[in-house]
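My request is simple: use the sequences and hints to build the entire structure.
There are 4 protein chains.
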Amino acid sequence: MHNTTSSPVWKRKIHEIIYEADTPAGKWFDVILLVLIVISLILVMLESIPGLGEKYAFEFITAEWIVTIFFSIEYILRIISINKPTKYIFSFYGIIDFLSTIPLYLTFFFGGFSALLAVRSLRLLRVFRILKITRYIGEADKLSRAIKASGPKIAVFLFAVMVVSIIFGTLMYLVEGPEHGFDSIPKSIYWCIVTLTTVGFGDIAPETPLGQFLATLIMIMGYGIIAVPTGIVSAEYAQDLKKNNETNRSKESNYRHVNTQVCQNCLAKKHQDAAQFCHKCGYPLHD
Amino acid sequence: MHNTTSSPVWKRKIHEIIYEADTPAGKWFDVILLVLIVISLILVMLESIPGLGEKYAFEFITAEWIVTIFFSIEYILRIISINKPTKYIFSFYGIIDFLSTIPLYLTFFFGGFSALLAVRSLRLLRVFRILKITRYIGEADKLSRAIKASGPKIAVFLFAVMVVSIIFGTLMYLVEGPEHGFDSIPKSIYWCIVTLTTVGFGDIAPETPLGQFLATLIMIMGYGIIAVPTGIVSAEYAQDLKKNNETNRSKESNYRHVNTQVCQNCLAKKHQDAAQFCHKCGYPLHD
Amino acid sequence: MHNTTSSPVWKRKIHEIIYEADTPAGKWFDVILLVLIVISLILVMLESIPGLGEKYAFEFITAEWIVTIFFSIEYILRIISINKPTKYIFSFYGIIDFLSTIPLYLTFFFGGFSALLAVRSLRLLRVFRILKITRYIGEADKLSRAIKASGPKIAVFLFAVMVVSIIFGTLMYLVEGPEHGFDSIPKSIYWCIVTLTTVGFGDIAPETPLGQFLATLIMIMGYGIIAVPTGIVSAEYAQDLKKNNETNRSKESNYRHVNTQVCQNCLAKKHQDAAQFCHKCGYPLHD
Amino acid sequence: MHNTTSSPVWKRKIHEIIYEADTPAGKWFDVILLVLIVISLILVMLESIPGLGEKYAFEFITAEWIVTIFFSIEYILRIISINKPTKYIFSFYGIIDFLSTIPLYLTFFFGGFSALLAVRSLRLLRVFRILKITRYIGEADKLSRAIKASGPKIAVFLFAVMVVSIIFGTLMYLVEGPEHGFDSIPKSIYWCIVTLTTVGFGDIAPETPLGQFLATLIMIMGYGIIAVPTGIVSAEYAQDLKKNNETNRSKESNYRHVNTQVCQNCLAKKHQDAAQFCHKCGYPLHD
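Protein chains in written order, with full-length UniProt numbering: chain A, 1 to 287; chain B, 1 to 287; chain C, 1 to 287; chain D, 1 to 287.
Read the hints as simulated data drawn from the structure, not as lab findings.
Please read these numbers as outputs of a predicted model, since none were measured by experiment.
Hints may be right or wrong, so weigh each one.
Note that the list lumps identical chains together, so a pair holds whenever it fits in one copy or between two copies.
[Said to hold, decoys possible] No farther apart than 27 Å at their CA atoms in a straight line, the calculated lysine-lysine pairs in the DSSO-like style are these:
| # | residue 1 | residue 2 |
| --- | --- | --- |
| 1 | K243 | K148 |
| 2 | K148 | K242 |
| 3 | K87 | K243 |
| 4 | K87 | K11 |
| 5 | K280 | K148 |
| 6 | K84 | K11 |
| 7 | K280 | K84 |
| 8 | K280 | K27 |
Written as structure tokens, this is what we have:
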């Protein structure tokens, strides 16, 4: 137990509302933020529709300023409510928050770049932070564990896909040639991946019998290949499920990291439910 | 055991024929209903074929009236044969029955809306009620259980798909732009989902090298992603299968809800095979 | 042990060569037959290529006559070498053999129907009879068992696919209408299945925003749905694999039906390796 | 322990650098080679882009000569640094190395064949030799084992796919005919595989109602069929995973072939970590 002087009450309150979700105020804050993010994303999308952007230019810019100002306030509050602001500023979400707030100011001072405004789509990623509070945490965890466990296998597999695409792409370029849409080797490789993944746009399609025969080979390979990652994830996931069942029966499984407690000092997460001090820096936690 | 006065014999008979399927009359009723639904669906489809609808207008309208009158009579009988008609009227199937019977009357009195007539396609859903009697109940049950069990996982997964689509959709809009068919961000997102799900219509296709490179990334991701829900359902289903095997060996599994008994009073289902009274309201059941 | 008079030696020899594959002559017969079938299939295909059919008309007709005469002789030998010819004539393969031999005679006597000649493609099915002798019997068996075991589940599933297609097909017809290629409800349903199965030809594609939104729903459903049959077959197959492993360890598994012995009297198969008499009609078997 | 006279030190050194990867020099050699291969592949691709090849003809030819000369030197060193050069020359990688080095010399002496230059894409295969040193060996091994184990099943399955394609291809040819793009039976079969594998280019699409109905059948079959190989690989892989877990617990699993030691005499691999002599020819190994 460290002997640190705790931060003032107002700072603690803000920290609790913004970073955690176990008080009514904290929950409301998250819901409002979620609604604002969704609204702002819909605005970005609607603005891109031809005709609409120009017609309602004033409405769009007004709504955008309201959202941006709210996000700016939130960003500042996030910085001042923790003890080591740099911890937040240079964290993944800190950068996302900054990038999704700044574009409007930049276009205001330096003129409008549409590309810059599209950066606002990154706001979507902020949704993930909020969704941490839901009951889906456990599931998302399991899923990402299954994917991680099969990572190297999938890498090997994707590498094989690349090799097949490059070799067959070159072959198709030689067989079909620019007169049937296979303009260059990179474009042939693009077509090969389109075919191997069973997407099949049809913007380029083989026209010579030999090209169609090669295409047939690629498709059947793609058909067989699709089985591999599925089989891997499936088996991996089944094992995870089994292990989980076994662990659940044992005693150690009673403890799960599903509270939203965040240390005010170092932003560490996954504290035990009854924890009174941060398990990483020893700073006192408040419920 | 409640002490209720049982309903008159004719009411009981109609209830047995319409709602249940363990008497010859009940089975015949179901078969005729099934045939009528299928015929009426085929009529709706044929009517929509250009040229055919106008040419045989009289035949179509006549056949439609015959089907509609039969369905109207069935609807009325369903209402009068149970003790609490509102239980049926506001149930899922009650509403479906009403919606799939009323359009013709409305177009007769208020003039024809083709959109209204298409509502008749909802009759298809009535098929499900009849198919309850088949041996597929058990299988459908198992399937829906497996899907339900993997519900949250699939939700997490679909959410991830949405996020990928929105981010890559915005990117493709910036890279390809309206001149290659990526008119707006929503349309780009639509294209992104078309690609990620490996459908690949080809109505929109990237034409710049960078756009094609991004498309390649999306496709390979879609290829890897398709493995996840498959793996989940597969593992979940395997576990269900295993559990079922274990249960089947134990004694409690001797009882299965596969009879078609329906309480005349409250429409409750899944009565035990030897049940004499409704397990929900105590009303007497008759075989 | 029945006391039947065995058939003459020449009949026995022919039976052994044509129906079985455990003598050198029998194996050679099968190989020649296989080659002839493949050649004749290639001929049918080449003949259909525009220009080629007319140019080499004489060569094609000559080759076709040679193949047909060989098949005719084989057909007659099959009939005379067994005791009850009707057993063969009305069996599945008997009908296939007849249908794939007769077209040329019919076109010779009654003039050429190209549709009739395409019936010769059925010869392909004869390949299956010959492939019985390979080591793939066991695997094909396992596969078909896994598919059969998941039959009802897949039926339930396909029914669900049909329902989704009909409902969304009707919706798309109302939303997009004939001006965007959705000419009639059946065509809309066709498009819906094309999309749901992730094939996506792109010959018809939604153009209105609402239609594209509905298409997105269909695709994501198709994406999730594809997981179901895969999961089922996978789990079913895994169980089969496990059961097999357990059985293999026990004693009863020492016996497998992989010889090609066929009873000359009743065409029964799957005799035990050391069997001397048919297990179905008691007729003597000869090695 | 054989009593062989060891080769001179310079030869040993070169062998160690080129064939192995456990010394710093050996690792650097592999990295440089990998970079050169990747660069040369990118050159081949860029050269094929219309306009680019002609514009920077001089730069491309210069870069190509540099790469080719490096590869030539490497090829010669590989030959002289082992005791039995023919072992390398006629090995798989020996032939690949030769084929991917020679084209430039041939075009230099005998004039340019573009097809010949595309052979340089084979350099890609050389990447595999280098990647042997990575931690992915184990995973690739497991994967290829799972695929091998399900080989016969997948063969049976692919054969079934072929049969379905030929029969439905012939049917579609008869139903749709050359006027809707189904020019010949081989092209119809090509279309059938495009559809069955859910690729769906859309360059050919059925237009008659009957053709569209048949296409629907093919697609639903493809949808169901895709489940089979996935299920097989999945189950097979799950078993492999299980077996591995069991083996890992036992003692024999402590030994793994992941070092890059290669015998200088006979190019044998997979030596034990502490091995002093080749397990195949007895020639001394040096660390």
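### Message
Within, between, both or neither: how does the pair K148, K242 come out at a Cα-Cα threshold of 27 Å?
### Response
both (17 Å within a copy, 19 Å between copies)
### Task
Please work out whether the CA atoms of K243 and K148 approach to 27 Å or closer within one copy, between two copies, in both situations, or in neither?
both (16 Å within a copy, 21 Å between copies)
### Message
Regarding K280 and K84, is the shortest C-alpha distance of 27 Å or less found within a copy, between copies, in both, or in neither?
### Response
within (14 Å within a copy, 61 Å between copies)
### Task
Up to 27 Å between alpha-carbons, please classify K84 paired with K11: within, between, both or neither.
within (13 Å within a copy, 60 Å between copies)
### Query
Is it within a copy, between copies, both, or neither that the alpha carbon of K280 lies no farther than 27 Å from that of K148?
within (25 Å within a copy, 39 Å between copies)
### Query
Are the CA atoms of K87 and K11 at most 27 Å apart within a copy, between copies, both, or neither?
Within. Shortest intra-copy distance 16 Å satisfies the 27 Å Cα cut-off; inter-copy 56 Å does not.
### Query
With identical chains treated as interchangeable, where does the CA-CA distance between K87 and K243 reach 27 Å or less: within a copy, between copies, both, or neither?
neither (36 Å within a copy, 46 Å between copies)
### Task
Since the copies are identical, ignore which copy is meant and state whether K280 and K27 lie within 27 Å (CA to CA) inside a copy, between copies, both or neither.
within (25 Å within a copy, 39 Å between copies)
The structure fails hint 3 only (numbered hints given earlier).
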